[in-house]
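**Student:** Here is what each chain is made of, one letter per residue.
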Amino acid sequence: MNPLLSARKVSFGYGAGDVLRDVSIDLHPGEVTILLGPNGSGKSTLIRILSGVLPSRAGEVLLCGRPPRGYPRREMARLLSVVGQDPPVDFPMTVESFVALGRFPHQGFFGETTPEDRERVRQALAETDLYGLRDRTLSTISAGERQRATVARAIAQGARVMLLDEPTAFLDIRHRVAFYEIVTRMKEACGIAALVASHDLSLCAEYGERIILLAEGTVASQGTPVEVLTPGNVQAAYGLAVSCDRNPATGAIRVTPLRGMPAKNR
Amino acid sequence: MTPRARSEDGRLRPGPVFVLLGFALAASMALSASTGPVAIPPREFLDALLHGGAGTPARVLLSLRLPRAFLGLLVGGALATSGVAFQALLRNPLADPYILGVSGGAAVGALTVALFLSAGASPLLPLCAFFGAALSALAVFLLARRKSGVSPERLILMGVVVGAFLNAVIMLMVTLSPPGRIPGALYWLMGDLGLGTPRRVAVLLPYVAAGVVLLFLLSRGLDLLLLGEQAAFQTGLSVERVKTATYLTASLLAGSVVAVSGLIGFVGLIVPHGARALVGSGHRRLLPAAFLLGGAFLVLSDVIARTASPSGELPVGAVTALAGAPFFLYLLRRNGGKS
Ligand SMILES: Nc1ncnc2c1ncn2[C@@H]1O[C@H](COP(=O)(O)OP(=O)(O)OP(=O)(O)O)[C@@H](O)[C@H]1O
Ligand SMILES: [Mg+2]
Numbered sequence: 009m010n011p012l013l014s015a016r017k018v019s020f021g022y023g024a025g026d027v028l029r030d031v032s033i034d035l036h037p038g039e040v041t042i043l044l045g046p047n048g049s050g051k052s053t054l055i056r057i058l059s060g061v062l063p064s065r066a067g068e069v070l071l072c073g074r075p076p077r078g079y080p081r082r083e084m085a086r087l088l089s090v091v092g093q094d095p096p097v098d099f100p101m102t103v104e105s106f107v108a109l110g111r112f113p114h115q116g117f118f119g120e121t122t123p124e125d126r127e128r129v130r131q132a133l134a135e136t137d138l139y140g141l142r143d144r145t146l147s148t149i150s151a152g153e154r155q156r157a158t159v160a161r162a163i164a165q166g167a168r169v170m171l172l173d174e175p176t177a178f179l180d181i182r183h184r185v186a187f188y189e190i191v192t193r194m195k196e197a198c199g200i201a202a203l204v205a206s207h208d209l210s211l212c213a214e215y216g217e218r219i220i221l222l223a224e225g226t227v228a229s230q231g232t233p234v235e236v237l238t239p240g241n242v243q244a245a246y247g248l249a250v251s252c253d254r255n256p257a258t259g260a261i262r263v264t265p266l267r268g269m270p271a272k273n274r
Numbered sequence: 074m075t076p077r078a079r080s081e082d083g084r085l086r087p088g089p090v091f092v093l094l095g096f097a098l099a100a101s102m103a104l105s106a107s108t109g110p111v112a113i114p115p116r117e118f119l120d121a122l123l124h125g126g127a128g129t130p131a132r133v134l135l136s137l138r139l140p141r142a143f144l145g146l147l148v149g150g151a152l153a154t155s156g157v158a159f160q161a162l163l164r165n166p167l168a169d170p171y172i173l174g175v176s177g178g179a180a181v182g183a184l185t186v187a188l189f190l191s192a193g194a195s196p197l198l199p200l201c202a203f204f205g206a207a208l209s210a211l212a213v214f215l216l217a218r219r220k221s222g223v224s225p226e227r228l229i230l231m232g233v234v235v236g237a238f239l240n241a242v243i244m245l246m247v248t249l250s251p252p253g254r255i256p257g258a259l260y261w262l263m264g265d266l267g268l269g270t271p272r273r274v275a276v277l278l279p280y281v282a283a284g285v286v287l288l289f290l291l292s293r294g295l296d297l298l299l300l301g302e303q304a305a306f307q308t309g310l311s312v313e314r315v316k317t318a319t320y321l322t323a324s325l326l327a328g329s330v331v332a333v334s335g336l337i338g339f340v341g342l343i344v345p346h347g348a349r350a351l352v353g354s355g356h357r358r359l360l361p362a363a364f365l366l367g368g369a370f371l372v373l374s375d376v377i378a379r380t381a382s383p384s385g386e387l388p389v390g391a392v393t394a395l396a397g398a399p400f401f402l403y404l405l406r407r408n409g410g411k412s
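So the sequences go chain by chain: A and B.
For the first sequence, the working numbering assigns the number 274 to the last residue and increments by one with no breaks.
For the second sequence, the working numbering assigns the number 412 to the last residue and increments by one with no breaks.
No wet-lab data here; the hints were simulated from the structure.
Keep in mind that a hint or two might mislead.
Output of the computed footprint for chain A on chain B, the stretches with three or more beta carbons under 8 Å from beta carbons of chain A [what the hints assert, rightly or not]:
1. 304 to 316
2. 320 to 334
Taking CB as the label site, the calculated pair distances span [stated by the list, open to error]:
3. B:Arg-116 / A:Arg-144: 45 to 55 Å
4. B:Ala-103 / A:Phe-118: 44 to 54 Å
5. B:Arg-314 / A:Ser-251: 36 to 46 Å
6. B:Ala-283 / A:Pro-123: 29 to 39 Å
7. A:Arg-130 / B:Glu-386: 51 to 61 Å
8. A:Ser-52 / B:Pro-279: 46 to 56 Å
Fair warning: this is a prediction, and the values are worked out from it, not measured in the lab.
Each residue gets a CB set at the ideal place from its N, CA and C atoms; glycine is no exception.
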């Protein structure tokens with residue numbers, strides 16, 4: 009099957025140096041891809057390039073056959089949604105109107121809401137366990153609840169490709185699992201392609217079909233969790249000794265850090 | 074399910090709020106029209122309103138007081154909506170229409186007329202103030218612009234720089250002017266609705282109407298800008314286009330108003346906060362609510378300015394600042410600068 013989003017040999021730098029070098033990835037419909045890598049390895053940068061916020065310096069990005077920066081904005085937002093690490097909203101906005109902004113690319117420029125819009129917003133709120141908080145303003149809910157609201161906004165946007173930058177960083181363990189369950193459900197029901205940047209190695213192994221491990225701006229390893237999550241790969245990328253075994257209950261790879269001073273790898 | 078007593082913004086239902094705001098505005102305008110040295114009995118008041126009339130009360134009402142009340146409405150409404158737009162554009166609830174140097178440019182324009190062209194109130198004064206405001210707004214925008222676009226931080230920075238430079242120019246012009254040349258201009262700098270003639274109102278009306286309607290058309294884009302530029306872009310907004318349109322519209326709105334009534338502070342800063350408390354942050358409601366509230370607030374302030382001192386009128390800018398500064402401090406203290 010053709011990938012919905014593909015990057016070929018993408019390179020990028022904010023200044024003179026390279027932040028990304030020759031990164032190639034494919035996101036297929038019905039597949040959850042996990043983007044792993046240590047702090048500063050270029051995960052957020054890659055997501056910015058894939059979503060057209062930044063132009064790549066070299067290489068090519070194709071979203072359904074066209075470069076992201078060649079799309080009219082709304083058309084693109086109907087195909088691709090992003091959960092980024094955005095600044096807080098300093099204005100009194102309710103959770104519900106925040107999530108409803110995700111419907112913008114489906115509405116006229118003045119944002120007339122249709123019954124479908126309202127239904128999608130209601131569903132997104134319910135799925136992220138926020139329906140009871142819909143009338144609260146963003147500044148009066150917790151960090152994890154705000155993060156769920158951002159995910160809800162992306163769900164309401166209803167795009168087939170979702171790029172999520174550490175969407176579970178502030179979530180408790182139940183809501184982390186709930187997040188991966190939602191993504192899995194959308195993948196099965198709507199055939200979405202999702203790219204999830206994360207630092208949670210074990211949960212990723214549980215839910216991701218494919219893992220891409222970035223290190224210093226290049227793809228250090230990619231493939232199934234079993235292929236990527238080996239002590240050698242993790243040691244090379246993170247500079248940390250780990251043991252990798254199988255979770256006896258689920259059979260998925262389980263990564264456990266070993267105690268002791270992490271060895272420096274840079 | 075029972076119908077929700079709150080709107081989708083989680084605020085009071087908008088219908089009654091708008092009725093109330095409209096009523097407050099009408100009441101303040103009626104109060105303004107019936108306040109002054111010449112008493113106008115209610116019957117003559119109505120008569121003059123409905124049929125015109127040739128008597129002194131009718132003339133006072135139609136050619137002095139009503140134009141002044143309408144000018145207050147237009148100026149207050151325009152400042153408030155322009156403030157709403159700048160706050161969304163800069164993602165900063167503490168921004169106001171003057172933050173990017175519009176005021177300094179307008180002042181230099183006005184002083185130029187007073188110094189070099191004619192003494193006293195010249196019909197050229199508003200025009201030159203307008204061009205001064207437009208030029209400085211454009212200069213700030215171009216200076217802040219980079220290949221990657223215009224960032225709020227750079228806009229504010231350039232606004233401060235250009236504003237400081239224009240202030241120096243103002244000081245220079247005032248110091249070097251021959252004595253007695255600019256008292257009118259100084260009064261104007263403090264903000265004044267006394268120029269409210271039917272002609273001025275007619276000149277201002279199209280600018281304000283066009284500006285407010287344009288901002289209203291941009292309201293969904295302004296909602297999205299509150300998310301931050303990257304998120305707005307990824308949600309489907311043509312961020313640069315909306316920002317440029319908002320910037321130009323809000324600057325023209327502020328500039329045209331400054332040209333007619335001088336520098337009236339705090340309306341564009343505090344009225345948006347009041348309106349947000351009433352109808353929420355959604356701009357489709359916020360902009361009209363801010364317009365009505367800003368109009369009512371300024372018309373009332375003008376009534377106070379005209380009646381507070383027995384020895385003459387205060388500049389209305391002094392009244393709005395007297396009321397606005399404490400309110401602003403209250404806002405700052407209440408939530409550390411975040412609305
Ligand atoms: N706006 C920027 N300007 C200059 N350099 C940047 C900018 N943003 C990121 N960088 C640099 O680019 C590199 C990659 O950053 P990026 O944010 O993509 O990492 P990341 O993998 O998302 O890290 P994290 O796990 O901490 O989120 C880092 O070295 C960072 O310092
Ligand atoms: Mg990151």
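**Student:** Any hints this thing doesn't respect? Which numbers, in order?
**Tutor:** Hints 2, 4 and 5 not satisfied by this model.
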